[in-house]
Amino acid sequence: MRLNIILSLYKFKIKSFFGAFRASKANLALLLVYIFSLLPSAFSFSIMIVDAVRQNGVNIETYIEVLSAGLSFLTAFILFLTFRGYTAFEHEQNFVFTSPIKPIEFLIASILADLTTILVFIYPLFAIYTLIVLWLNLPFSSAILILSAMLIFVFLLFLLKSSLSIMMSLQRNLSAKITISAMIFLLLFPSISSALNLPLKYSILPYPSTLLAKILVGEIFGLGFQPLDFLGLSICFLLLASLFTAFSRENFFPLTRRVPFVSPFDASIRMQALKMERSIKIFSRVPMLPTLNLESRSLLAFLMKKELIRMIREGSLFTVIFMYLIISFIAAVISAYSPQDPQSANFQPAVFIMFFLGTYSLIVPLILISNWRISDFENLWVPITSGANMRAIIRALLYDFIMVSSAIPAAIILILAAIYGINPLMALVLVASTSIVGCSVNLYVMIKSLASKRRGVSSALAGWASMLLSALLLTPTYSLIFLSQYLKLSENVHVLFAAVILLHSALVMRVFSGKTEKNIIYLEF
Amino acid sequence: MNPIIEMVDVWKSYDGVQALRGLNLYVQRGEIFGLIGPNGAGKTTTLKIIVGLLKMDRGVVRVNGVDIGEEPYEYKRIIGYVPESVSLPDYLTVEEFLMYSGKIKEVPNEKIRERMNYFISLFELREKRRALIVSLSRGMRQKVAIASALIHDPYLLILDEPFIGIDPVGQHILKELFNERVDEGKTVLISTHMLDTAERICSRVAIIYRGQNIASGNLEDLKQISRSGENATLEEVFLKLTEEAREQPVEETVEKKRSIFGFPRRGVS
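The listed protein sequences correspond, in order, to chains R and W. Per the working numbering, residue 1 is the first one in the first sequence, and the count goes up by one each step. Per the working numbering, residue 1 is the first one in the second sequence, and the count goes up by one each step.
One thing to keep in mind: the hints can contain errors.
Claimed, not checked - Some but not every residue of chain W turned toward chain R, in silico, with C-beta under 7 Å:
#, residue
1, Val51
2, Gly69
3, Tyr73
4, Lys76
5, Arg77
6, Pro89
7, Asp90
8, Tyr100
9, Ile104
10, Lys105
11, Val107
12, Asn117
13, Tyr118
14, Phe119
15, Ser121
16, Leu122
Just so you know, these hints were derived from the structure itself, not from any lab. Just so it is clear, CB atoms sit at the ideal spot from N, CA and C, and this is done for glycine as well.
Start from the sequences, fold in the hints, and give me the full structure.
In structure tokens form, the structure reads like this:
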């Protein structure tokens, strides 16, 4: 095993993943926005945990059970990923696997690189950890123990994933699949058994997830050091390390499965475009309706139809419908389990679902516009070199985005309103406003980020920035909706608020669509 | 008659790297003009500036007498353009894309149908007319892009490496098409690495090197400029001129502007 090779591979992987940072300085600024925007959530979550610890008479076993279940689900998900076998990117297969590099060197570099990249995304966990340690005034030994246990568990997951993925690559047979399926079942069974009122609980099982949960809860609640749990977790780690060492001796390189390279910081859309090609092939299997023809009444109508066809054939429309179904399901679950506060005796789940839909519809414009960027941005050379009416093209895009992102939640809201006999006005206004502002701002930010000097800005970070800007511009909408729901106002005032919100949204759309039109002609290809 | 394209002292840089250094270029009406040059010489940048996909840093470009810096939209109505790496909407069928292309160029519906059918037949795309573009080979995509560029019957056709990926039959059809257009008094501007093809089909060529037009004219003119022998081919002339230019510092590369008109209609030689 050569350390210099491992280091070179590690550096290469990190540079590939974070490459976009070198392409544009704007990415660094956007990363800072991302980091700071998550801090308030980390702060609130830490307060919640500290409050729970300081409460008297808490049932510690419940916390262990819930935490174990969450960590077991994570482990089961990792196991599920191993069904594909060991995956590698095209450039790794072409350049790394054809070089005199040993599997163990590649595996260690991969684990270290994965760990580094994951740390960027789970940084709020470290913020939460630090705040809890400080606020609960935990001893230094507890702080170290918590950190060590978490790191051991993370490494354990990586070792498990690598080992079983190699196993699947080497033996693509039924027994390997049954082994992994059985492990997933064992990990998830206690949560199912609690739903069935069976006496099998995570807290009595020696799963790594349970051991970690016991260490964390024990140290945070000041129950003292649990040597057996720590020893158990260490033994699990050592067993998996041995398994990993055994599999790393196998030459699995020729058996790896190629996957497209995807990094949220990747400014290039080549790989996403390849994925989109696959989507188009899948969605085009269904009958291609509607089709584009020359009979449209105007250029705008023709272009709107073309964009709608794109959304159907590349799967954007399906994604939006699927997402709204998930949002509706989550909202229904939350409202079903919400405690019935005596002050809100007239709490209506349907009203909650309606406003939940409206709030979360801010994500939909981002999905629609990101997909448009991947599948159609590079095709803008056609209208730009044709002297085409760019205003009509931008309007067609914007109207379609607004129509798709608002029509589906509006339909759900109208159905709920009809069933429960609720006035849907403000919920519909919320959805319309969120869609209008979200689509206008997202499209503008996306076009602006694609100007030649900013071409290196990753779409994930640009999307994050546009969501924050949209949320900021929606402050008047949220404020008026909040007032309309919590103050007993007359219907006339509701109508007035609705008019103000829609006027404000239309103004935002006018300003941002104008800016988009100006910017699109300065795009360079 | 004024040239269809005039580029005077055009400069363009990308992130501090100078792609064009005061390029001058004149393309006459009714000719097939070729831009030749090594990789990174500035050929694609030149074409993209003409069609409005890139903004020049300074200089003047006139297309059909219109200064494109002052009037950057209307002049495009007479242009048909095909880029080097063709990106097309994968989610549309061949027919739908040609309709889209015709619609945004404001071609009447009847004309779109007529020309769409003509090019689908010419490029042997009949079986693929209702197939999604995502299912087409690279050569077929190139043919669809060329059909799209021609859907409005443009006066000036600009193509960046048009023969790459196209089969020999397709290349032959394309060359015939270029000749037909020139016979109708229209102009074709191509960029190519294929010097033998350029020699056979272009009336005149310009050799672009390090962002400058180091020589232009028909083959006889280029032989004079390069002091090559009677039987020299375009490839030999090209290698000699670029070798000479390589030996000079970038700042001192002298642009050998030539305004030789009265060249043969077709074929550099």
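Hints versus structure:
1. Val51: holds, 4 Å
2. Gly69: Result: violated, 13 Å to nearest chain R Cβ.
3. Tyr73: holds, 5 Å
4. Lys76: With a closest approach of 3 Å, the Lys76 of chain W hint holds.
5. Arg77: At 5 Å from the nearest chain R Cβ, Arg77 of chain W passes the 7 Å test, so the hint holds.
6. Pro89: holds, 5 Å
7. Asp90: holds, 5 Å
8. Tyr100: holds, 6 Å
9. Ile104: holds, 4 Å
10. Lys105: holds, 5 Å
11. Val107: violated, 10 Å
12. Asn117: violated, 13 Å
13. Tyr118: It is violated, given that the least Cβ distance between Tyr118 of chain W and chain R is near 16 Å, above 7 Å.
14. Phe119: Interface hint status for Phe119 of chain W: violated (15 Å vs cutoff 7 Å).
15. Ser121: This hint is violated: Ser121 of chain W lies away from chain R, its Cβ roughly 18 Å from the closest one there, beyond 7 Å.
16. Leu122: Cβ of Leu122 of chain W sits 20 Å from chain R, so the hint is violated.
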